[in-house]
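Produce the entire structure from the sequences given, and follow the hints as far as they go.
Going left to right, the sequence shown walks through residues 85 to 459 as the numbering used here numbers them.
These are computed hints drawn from the structure, not numbers from a lab. Each statement offered as a hint is correct.
Pairs of lysine-lysine residues, derived as BS3-like cross-links and limited to a Cα-Cα distance of at most 27 Å, are as follows:
#1 Lys102 - Lys182
#2 Lys182 - Lys200
#3 Lys200 - Lys102
#4 Lys416 - Lys438
Pair by pair, the computed Cβ-Cβ distance ranges are:
#5 His444 - Pro85: 38 to 46 Å
#6 Glu109 - Ala322: 43 to 51 Å
#7 Lys319 - Leu243: 34 to 42 Å
#8 Glu115 - Asn223: 31 to 39 Å
#9 Arg212 - Leu351: 39 to 47 Å
None of these values were measured; they are calculated from a predicted model. For each residue, glycine too, the CB sits at the ideal point set by N, CA and C.
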Amino acid sequence: PTTAYRVINNSDDTDYNKVASLSTEEISLEEISVGDYIVVLPGSRIPTDGVLIAHEGRNEQITNSTTTTNKKNTSNGRRIYVDESALSGEPFPVAKAKDDALFGGCVNQNSLFCMKVTATGNNTMIARIVRLIEDAQTNKAPIESYADLVASYFVPTVLSISFSTFLSWMIMGYYYYYVEGMQRDSSSISNVFFHAIMCAISVMVVACPCALGLATPTAVMVGTGVGAANGLLIKGGAVLEEAHAVDTVVFDKTGTLTTGKAVLGDLVDLTGGKDDIHIGRPASLGSMTATKDNNTVLWLASCAEAGSEHPLAQAIVNYGRNTWGNDVICAKDGVIVSDYHVSPGEGVECKVQKEGWGSHWVRVGKKNWVDEGNI
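Set out below in structure tokens:
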């Protein structure tokens, strides 16, 4: 990002929990100072490093084992999700609570939040990574030092041979035209000089001494640069040089091997013979070709997850959108989703109702928690 929204008139009496009510001004990144309070919009990149102060989410009911309370501005039991794949390669957005560290360049998912700046400019995490790449491109690999040593002898040798070639052809041309008594004119002298120069240049081009000194550092610079562009950080030319000896590669996270975005891989109907949930379902799901199909299960899960910010919830909703369109809850068919609850660390619950289909409670989350609901 090139700009950020800084909180103005902040004081000890400022209620940062009401993020949407904070007065802000748009400033350039160069104007951000340590200690400033910055408001980050949903879907935007975090402008610099800091810590999470407060955030707002959707109007949801947050439930736990003892109480149920309505909250909009929440810092307890709720999390925001930040895509840190650019830094870590982590496939899922990382959940952040109050006072957790935030890094510039990462992407805020769906929450409006306020952060306090802890580092700017060259002190940020992304700046340190850039310096790592720059150091990797400038540090010499062992083979590069050896190539420089050889080039220190090879280049003067090639230049000497090239100069000797030039002198040899000039001397032979002089002997041919002057000693042997051939025709002497300006064009003849020019022809001798031109032929001698071409022979000298040919020697340098064929020997190509510059390639020996430039090939290795160019390969290191291009290799580390291309690697960084693809998310692979190479710490110096020495590491790149030793890569040929690698016989085992160990990956520490699935994001290294995947696209870094959760997707729904398969659907399994575990409704246990509850055929009544398939009868009278929304027409948008299509006609029934069997006693039941997976569209009903996917529809119910999408109804529950449509209001969630969790990355796995987004995978379910996106699958539903790809199956029957953007209206995943089938609101145009008269479907109403109400009594939405979030149980932190467990899952989500809601009530789905439609005329002619009835009313059902839906839970999506951990198996033990879902079984406790007896839904």
